[in-house]
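Asker: Below, each chain spelled out in residue letters.
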Amino acid sequence: MIGLDVGTSFIIASSYKGDEIVFKDFRDAFYVIKPTTPIASKMVEKGLKGKVFIKDETGSFIILGKDAIEKAVERNETARRPMYRGVVSVKEKEARKVLAYILKEVVGKAKKQGDKLVFCVPAQPVDQEDDDFDVGYHEDVVKSILSEVGYDARSVNEAEALCYAELEDTDYTGIGISCGAGMTNVCVMLNGEPTVVFSTTKSGDWVDRMSAVATGEPDSVVQVEKEGGGFTVGEPNDNPVLSAVASYYDRLVEYTAKQLSAALAGHKALPKFKDPIRIVVAGGTSQADGYISKLNEKLLESEFPLQIEVVKHAEDPLHSVSKGCLIAASILD
Amino acid sequence: MSNADIMLIISIIISHMLIMILGIGLGYLIWGKQMPVYEKPESFMRSQGKDKKSNSIEIDDTKVVLSVNTDGYEKKFDNMTKETKVKNNISSSVNKLKSMKGK
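Sequences listed follow chains U and Y, in order. Residues in the first sequence are numbered consecutively from 11, following the numbering used here. Residues in the second sequence are numbered consecutively from 1260, following the numbering used here.
The hints are simulated quantities; they were obtained by calculation from the structure and are not laboratory data. There's no promise every hint is true.
Examples of chain Y residues toward chain U, derived with CB under 8 Å [said to hold, decoys possible]:
{"hint": "1", "residue": "V1327"}
{"hint": "2", "residue": "Y1332"}
{"hint": "3", "residue": "F1336"}
{"hint": "4", "residue": "K1341"}
{"hint": "5", "residue": "K1346"}
{"hint": "6", "residue": "K1355"}
This one's a predicted model, so the numbers in the text were calculated from it and none came from an experiment. Where is the CB? At the ideal position from N, CA and C, for every residue including glycine.
Only chain Y is shown next, with the shape it has when bound in the complex (with noise of 0.2 Å):
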C-alpha cells in the first residue's frame, strides 16, 4: 500500500469523523430542547423511605400547602358512604408481592 492510499483512507476516516461530529452537533441545535428526555418511573415499593436529592440548586416554587379548617362545617347527616364487604382475597397478591421486592 503506497503512502498516497494511506494518506487517502486517513482523510476519508477523519472527513467521515467530522461530518458525523457536525451532524450530532447540528442536531442538538435544532432538536436539543425539544427531545423527550425519559425518566424510569419509580416504584411505589422502592421510593419508601428514601429523600429525593438533586445536584442543582433551585428554589422550591411549588404551591404551598395551606391547612384547610373544615371546623365551620355543620354536619346534617348520620352516614354518607355506602360499604361493601367482600371475603379477604389479597392475602396471597401481599405475600407474593413481598417475596418479589424481597421484603
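In isolation and in its complexed conformation, chain U is listed as follows (with noise of 0.2 Å):
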C-alpha cells in the first residue's frame, strides 16, 4: 500500500518495507528543450547526461525534477509545472501528460491489481472561486492515472492527512495546516472527525511570484536562492531577493493567519474545544526560518476564535502529508 502527496512543488510517495517507511521524494517540474537539427538534438542529449530527462514523438526533451529547475536558471528561464495552485495545471497543455508519466514512475505498477493507494487532494479555497480550480477534476485525473498502472486509488483531504500524522498525542483533536507551495489547506479535527475544511489560494509560489516581479528575477532564480535559506521571515537581509523573499513571506504569514481567523470565526461548525487546541504545521513553505513564530504571533494579533495551547512544527515538515496518506492507507486494510 502507498501514501502519496500529490503537491504543486513535490510529489512524495510513502510505502512501507519491513520495519520501515520508505519515502520517495520527486520535484514537481519540468522543462522542455526542442532542438531545431538532428545535430543540435545529439548536442543536447549529450549535454543532458546524467540528468533526468524523457525524449517525446516530436524529438523533444522534457527535463524533470530538480534537474528541470536548474536548466531553467542555467538559461535565465523559469521551470513549468504540472500542477497549478494544488491542482493539475489547465494552463499547461503538456501538464497532464507530465503529471501522468511522473505519477507512474515514482509509484511505479502495483504489485498486484487493486494495491490500496492513498493521494491526497486540496479543499475548496475560500479566496478564490473560477474554473481554473476543480478539485473534482484533479482527483479524477489522477485515480485514472494511478488505476492505470494497477491501484485503487482513493483521496483523502490534505489538512486531514497531516492531522492523522502529527495529532495523535491529543487523540487527533486540533488543527492541521499544510504550507504547500501552491495552497496553504487547513483542517480543524476534533476526535479523529474533521469539522471544518478549507485553503488559501496564498502560498510559496506566491511569495516567489511577488519577489520575482519586485526584483526583476526569473521565479525560478528566486526559488532557487530562497529554498538555500539564509534569511529570517520580516527581517531584513542584504541579498535583494532573499529581502524581499522575507517580506512577502511576513505578508503571507499574516494574509494566511486573517483568513484563518475569519473563516473559523462564527463557523457554525466549528466544535467548542474544552482545552486550548495544538496547531500543527507542515510543507515545505513553513521551513523558511521563523515561520512558526511569526505564525503565532500573527494568530494572537489576528484575534484568533479559539484558545492555542501551541502552534508547533511537524517532525517531518516535507513528509507529513504523505505519511498521514499511508495511515489512511493502512486503516482501509
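Relying on the hints, combine the two individually framed chains into one complex.
Answerer: See the structure below:
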C-alpha cells in the first residue's frame, strides 16, 4: 500500500519496507528543450547526460524534477509545473501527460491489481472562485492515472492527512495547516473527525512570484535562492532577493492568520473545544526560519477565535502529509 | 382583565408575529442567495464505500477525464526519486485511529 502526497512542488510517495517507511521525493517540475536540427538534438542529449529527462515523439527533451529547475535557472527562465495551485494545471498544455508520467514513475506498477493507494487533494479555497480550480476533475485525473498502473486509489483531504500524521498525542483533536507551494490547506479536527476544512490560494509560489516581480528575477531564480535559506521571515536581509522573500513571507503569514481567524470566527461547525488546541504546521513553505513563531504571533494579533495551546512544526514537515496518506491507506485494510 | 385588554394583547402578539414573518421574508429576498451554505466535511474514513446520492435530477457537467498515453515518452534515466528511510513509527497511530473509527 502507498500514501501519496500530490503537491504543486513535490510529489512524495510513502510505503512500508520491513519495519521502515520509505519516502520517495520528486520535484514536480519540467522544462522543455526543442532542438531545431538533428545535430542540435545530439548535442542537447549529450549535454543532458546524467540528468533526469525523457524524449517525446517530436524529438523534444523534457527535463524533469530538480534538474528542470537547474536547467531553467541556467537559461534565465522559469521551469514549468504540471500542477498549479494544488490541482492539475489547465494552463499547461502538456501538464496532464507529464503529471501522468511522473506519477507512474514515482509509484511504480502495483504489486498486485487493486493495491490500496491514498493520495491527497486540496480543499475548496475561500479566497478564489474560478473554473481553473476544479478539485473534482483533479481527483478524477489522478485516480485514472493511478488505476492504469493497477492501484485502487482513493483521495483524502491534504490537511486531514496531516492531522492523522501529527495529532496522535491529542487524540486527533486540533488544527492541521499544510503550507504547500500552491496553497495553504487547513483542517480542524475533533476526535479524528474533520469538522472544518478549507484552503487559501496564497503560499510559497505567491512569495516567489511577488519577489520575482519586485527584483526582476525569474521565479525559478527566486525559488532557488529562497530554498537556499539564509533569511528570517519579516527580517531585513542584505541580499535583495532574500530581502524581498522575507518581506513577502511576512505578508503571507499575516494573510494566512487573518484568513484562518476569519474563516473560523462564528463558523457553525466549529466545535467548542474545552481545552486550548494544538496547531500543527507542515509543508515546504513552513520551513523558512521564523515561520512558526511569526504565525503564532499573527494568529494572536488577528484575534484567533480559539485558545491556542501551541503552534508546533511537524517533526518532518516535508513528509507529514504523505505519512498521513499512508496511515489512511493502512486503516482501509 | 377586560375584553379590551385581551384584544389589545392578542393584537400586539399578532402584529409582532407579522413583523417577524415580514422580516424573515425581506431578509431572504435581500440576502437569501448570498447566505453561505455550510456542508460538513465528510471524513475520509466514513466516506469510503458510500455512493453519493442526490435527490434532484441533474446533468453531469463535470469535465470528462480522457486517458493519457505516455507511451511516446522515451525514458533516459535510471532513477528519478530521492529516497529516505525512517523507522516505522505509525503503527500506534493506525491502531488508535482504527479503534476510534470502530474498525
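Asker: Determine for every hint whether it applies to the structure shown.
Answerer: Comparing the hints with the structure gives:
Interface hint status for V1327/Y: upheld, as the beta-carbon distance to the closest one in chain U is roughly 4 Å, under 8 Å. The interface hint given for Y1332/Y holds, since its Cβ lies 4 Å from the closest Cβ of chain U, which is under the 8 Å cut-off. Interface hint at F1336/Y: satisfied, since its Cβ lies 4 Å from the closest Cβ of chain U, which is below the 8 Å cut-off. The restraint placing K1341/Y at the interface with chain U holds, with a minimum CB-CB distance near 5 Å, inside the 8 Å limit.
With its C-beta approaching chain U no nearer than about 6 Å, K1346/Y sits inside the 8 Å limit, and its interface hint holds. The beta carbon of K1355/Y comes within 6 Å of a beta carbon in chain U, closer than 8 Å, and the hint placing it at the interface holds.
Of the hints listed earlier, there is not a single one the structure fails to meet.
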